[in-house]
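Chains as they are written, first to last, in the working numbering: chain G, 1 to 459; chain S, 1 to 947.
Check before you lean on any hint, since a few could be wrong.
Straight-line distance between alpha carbons at most 25 angstroms, and here's what the computed SDA-like set of lysine to any residue pairs gives [what the hints assert, rightly or not]:
hint, chain 1, residue 1, chain 2, residue 2
1, S, Lys114, G, Thr267
2, G, Lys197, S, Lys114
3, S, Lys2, S, Glu336
4, S, Lys375, G, Ser352
5, S, Lys835, G, Gln298
6, S, Lys114, G, Glu357
7, S, Lys375, G, Asp311
8, S, Lys114, G, Asp311
9, S, Lys23, G, Asp311
10, S, Lys114, G, Tyr211
11, S, Lys375, G, Ser144
12, S, Lys375, G, Tyr211
Since the hints were derived computationally from the structure, they do not count as laboratory data.
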Amino acid sequence: MPASQAGRRGFESHRPLSAGPVAPLERRGFCLGAAGLPLVVSRRIFPTPPTVAIRLEHAEHNPAFLWRNPEPKPSYDVVIVGGGLHGLSTAYYLARNHGITNVAVVERGWLGNGNAVRNTTVIRSNYLREESMPLYEFSLQLWSTFGQELDHDVLFDPRGMLTLTHSRGEAAAARRTVYANRLHGIDAEWLEPAEVKQYCPIVNISPDVRYPVYGASLQARAGIARHDAVVFGLARAASALGVDLIQGCEVTGFNIVDGAVRGVQTTRGRIAAGRVGLVGAGRTTLLTTMAGFDVPIQSYPLQALVSEIFDQVLPCVVMSGALHVYVSQAHKGELVMGASRDNYLSYAQRGSFHLIESQIQAALELYPIMKRAHVLRTWAGIVDMSPDASPIIGTTPVRDLYLNCGWGTGGFKATPASGWVFAHTLATGEPHALNAPFRLDRFETGALIDEHGAGVSAH
Amino acid sequence: MKRLESGGSIRRDEELSFWYDGKRYTGFAGDTLASALLGAGVHVLGSSVSLGRPRGIMAARLEEATGFVQLVTPDATEPLVRASAVALYEGLVAESRIVRGYVEEREDSARFDKRYAHCDICVIGAGPAGLMAARVAVAAGARVVVVEADPAPGGALLRDDVTIAGTTGAAWVHSTWEALGSADDCRLLTDATVMTSLDHGGLMVLQRIGRQLAVRERGGLPEMRLWQIRARRTILATGMLERPIVFQDNDRPGIMLASAAREYLARYALAPEAGVVFTSTDDGYRTALAWHRAGARVAAVVDPRHQGGGALRDAVRACGVRCITGVVEGSGADAEGRLATVRVHTARGIETLRADVLAVSGGYEPASLLHTERKGRTRYDAWWAAAVPDVPLPGEGIAGGVRGVASLAACLADGARAAVEALGVLGLAIAPMETPVVDEVSESEPAQLWRVPAPDGDESRSFVDLHRDATVAGVSRAVNAGATHIEHIKRYTLIGTGVEQGRAAKTNSGVLAAVLTGRDVSAVGTSGGRPPVEPMLFAALAGRASRERFVPVRTTGIHPSHEALSAVFEPAGQWLRPSRYPRPGETVAGTVGRECRAVRYSVGLMDASTLGKIDVRGPDATWFLEQLYVNGIGSIPVGKGRYSAMCRMDGSLLDDGLVLRLEENRYFVTASTGHAAAVVDWMEEWLQTEWPERRVWVTPVTEQFATVAIVGPRAREVMTVLAPGIDLSRGAFPFLAIRHGTVAGMEGAMVARVSFSGELAFEVSVPWDRGQTLWAAAMSAGSPWRITPYGLDALQVLRMEKGYIIIGQDTEATTTPYDAGLGWMVSKKKAFVGKRSLARPAMLRPDRAQLVGFVTEDPEVVLPEGAGLVREVHEPPMVIEGHVSSTAYSATLGRSLGLALVRGGRARLGERLFAPVEHGVIPVMLVDPVHVDPEGKKRDGWEDTDR
């Protein structure tokens, strides 16, 4: 910690723990003292800030064949309700990992029409809890090879993510996550303001702003991917393995016999099913109401926006929880920016405009360079918020009916792992070790997995 | 294109210089940058995004897909600005950047303002329908706002040659606008775009005001102004947009929409050397007529309709202009890439015409984003071959072209109808008004022609979306891949993802998809647009809200005294609070140690005004507080207080504070600084949603009272000087008691015997504006004992020495009162919010994270807050036993202290754990959190002077 910071946290001046200002982080890596055994292999991140390779999207990069558009069969081994990313991922891993290919994904609109195409594509694993870290870390590791896995470039780009803090209390919370991550072998760094500037030169670290940057946590392996490419890649791979993707097919009811689900009623007729998986995100509560049980999910609009395309200026993802704004610059060159969620419950995919105004105000406090950028498009997705900001993955009061929801503001990053563990749950009837703690009944027992702190407003 | 010697509404006596890509050109006042470029002979503006093909200006309004520039002003540079939306000004500098701009950090002094307006009726669009609607509404006495995106009102009347009420369209627009402008309560906004429509009549409007002015000439004017208008009724009269026809090489500079070609002629006197019109509607003939009348050479009008054309074609023929039945199926370019030839396919064969401008009309469709963005319904209209708004949204009226109304007379009548409907809903009397008589020709049915197949079958040069370089071949590829939904086609081909959202490409791509998938056009639809209507500058959205205007800075009434004492401040939410009061030459540790010692051994004072203060009163106040606080409230005697806490419904701690009972039915409740607003919200939520019948009033009074805490063993002496009239003796004024009396000469001051340091303390509250007086009096009264102001740094040390917690820092979202060591306060007898949750199985587990104290084995090492604690250090992953929530160095005790939340912590006091941090592994020992005066003798006043 630089001497100039001394005293801000009230502990430095007695025995300086500082390695001096802006030291290369590897010099400050965790160590075991005398034994010298490294706890965490420290990644050298300085002095080289990330460089972003521009990968222009061309329509020609899209696969020559996407998917079959079959008529629904009368019966499937597994019916997955919801053709978003998690539904498609579940179908893909059912086929790939478990050889279960007599599977239908039923989707009321078009594949990926919900939060898949409305999110800001942030991928990271720096969660706080011992239950969460392995799940999200597994997902991050799957992302690193997801393109090869699906034989389709999903433009996963681990460009690093900074989480800015603006006060002593926020910094303590962020550092808590850094320490927890490192103790779990997940890369995490704490950066002082000057280091933040070095990593992401457009961040304004001047003290002459309303909430000066106090420091930031960094996950260098975090990044972004291209949402449409993930939809295309997953749907194509699932379809190729035999999964029927049935669009324009809305579930209107469930066939429940003796407490067990036997199929779904849809706008395209009845479909029998051995097991049914609900992956309805913001519309989950509409489905569970039809199935006759309640889930503690509240649906809120969460807005995002993009700018026009301009030359790369932002080499990493940056979020500020206190200022309620997070931003990255996509491969094409447009800024992708998110805000905090609306305060009001809604299924309508639009939010309050004043949140966009405050989000832009916050952005200009942090990045004055963006003053002359433009908001091109805004939209809102419906996020399914659980009481502890962690997902619900597992069994339900209805036999053979399984639930995967509650990803809230952070579902995109979990796409591969969510599908992996939910496919396991559907295939075996038992949760995978990674999703075992994420039970629905934890809200009755009180065994919560609180991630409000790690999530802040985002993602 | 070339500039004619006369005509247009440009002011030829005022020549303006501008620079494009470093070269100087001239235009005229009244030009847009687009018309000035065309007039200066600059037709190729840049290369396309992936194919690198030359592109130029193809529209005059929202349809533009390629005419974008990087606009450079002396103090800013702005990417992807539509050239036709920039009024030309002297010294304008632009650079060729049509698909990808750049941003730079500059000292940008431009100002951006926000304004708010309310009205009965907001008319969006000042074309024929909008003007008529506004006239009727104004005549009925409604409060009206008219918003027009163009700098001039009139819409299509600006370009079309029509007769209204016996005069020209332009004259009618002028007189109508004048009349509206002189009405009592009618606000006219031009150069202002309704960017998005919100529920309940909300409209966000961006008005361009001063960009065209040089910075020094702007004076007090903002560059732009963001209006938020709340209208009881809106009338959508945004008209229609023209769509092009797709054919091979349809992207060359010189190929533009027919309506745009007419607008460039009528307003800016720009005409082709030799023009060709390719139209599937009668409207296209208007362009040929206008060109001909202006003296430009019209090589031909190409129309696919065998029978079509009607009266307008007859008029064109009568002028001697050649009309060909056929289609344009290709084009040729000159060396620069500009249009040079047009390839026409007729029944008799192929013909190549020389032309520098090809005006294309594939028909019109509604500019309906403000309707569809809120999921407003549309119907497929066969005449327009487009989706047309159908049932209006609540509060919305739709009038004129945007509703698919075709003729001018019908648009005028429809505007009046929409106004009458709106007035009826508003209950306003309607003055009878006749729709003006219009002299116009009737039009025959348009052909539904969207695309001409490439003669050689190569559809990779037939552009659907010029901005994204998306072609017919691309759409077919998407369809063949299995993408049948229009949104998948969009995402596959990237159609509509450009800066202009592919406005000119939407219908054509939808129709193409329908054709390719063998479905009905109406079944495929188009990709839904997303707001805003046009790109909105970040700076305009931010307005003036930077720094202290971004989030207001709250300071206490005593703030000037802190500044006079050279306090170091830190943010606490919106508040600025003193961290410490350093003296010259003092180290941080020195300051904090000095302030702490003063409190422990003599007397200190602190500004506690930011602490949340809530007045709760009413016959049900006691009952109400019993529901929210975990301990008994009814048993608090009047004149005394109790330390208490409240839980969320899941049993977790929301906040702690003091409940002071001032009267039988009146309480003064404190909340922590950071939670003050949340606690008031929490109370109101319960009162308003669950117990509305209860008679309780909750009033936040944080900023009504300045509070100064006088703390330390000499506090009573200081208070005796300040408040000689109050009996301060231990027996008369015990811990947690409240007294009212005169303090520092101020009557009615409240004194509470409460403590957040473990020392004898008096918290004195006076009206906010008397805080400075109180502070000064206390400083003066305390001078014999060297009274010392202390800040948050010292407070952190003092409260940790005593083991006092801060909710939110030493607790997390799942921490219960039991976990935090506050189980002693939880009532077993009564019900309260969260009580049931506290009985859940996971709440009773012995390994819950519980708050404990710890000390580092090396007393000089202070751990960073947030550090993780483990039992054994090995390769990750390690089991995390807990985390450090607070640390401080206690100069009084000569060692570092800490609080931590540790799994089953209270049963583990004495255990050794390790904190692996950046600089090594720090061993710690778990201890009881209370280090100072565990019996509370100092706090209770037994260890002060002998009184």
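Against the structure, the hints:
Of the supplied pair hints, the one linking Lys114(S) and Thr267(G) is violated, its CA atoms being roughly 48 angstroms apart against a limit of 25 angstroms. A hinted pair counts as satisfied when its Cα atoms are at most 25 angstroms apart, and Lys197(G) with Lys114(S) does not qualify at roughly 32 angstroms. As the CA atoms of Lys2(S) and Glu336(S) are separated by approximately 17 angstroms, the hinted pair is consistent with the 25 angstroms bound. With a C-alpha separation of about 15 angstroms, the suggested pairing of Lys375(S) with Ser352(G) holds against the 25 angstroms cut-off.
Restraint check for Lys835(S) and Gln298(G): the C-alpha separation of about 23 angstroms stays at or below 25 angstroms, so the hint holds. Proximity of Lys114(S) to Glu357(G) is assessed by CA-CA distance (about 11 angstroms); at most 25 angstroms being required, the pair is judged to hold. Between Lys375(S) and Asp311(G), the direct Cα distance comes to roughly 34 angstroms. Violation of the 25 angstroms bound is thereby established for this hinted pair. At roughly 30 angstroms between alpha-carbon atoms, Lys114(S) and Asp311(G) are farther apart than 25 angstroms, so this suggested pair is violated.
For the hint linking Lys23(S) to Asp311(G), the alpha-carbon distance of about 23 angstroms falls within 25 angstroms, and the restraint holds. At roughly 23 angstroms between alpha-carbon atoms, Lys114(S) and Tyr211(G) fall within 25 angstroms of each other, so this suggested pair holds. The hinted pair formed by Lys375(S) and Ser144(G) fails the criterion: a straight-line CA distance of about 38 angstroms is larger than 25 angstroms. Simply put, Lys375(S) and Tyr211(G) have alpha-carbon atoms about 38 angstroms apart, too far for the 25 angstroms limit, and the pair is violated.
Hint compliance for this structure: hints 1, 2, 7, 8, 11 and 12 are broken, all remaining hints hold.
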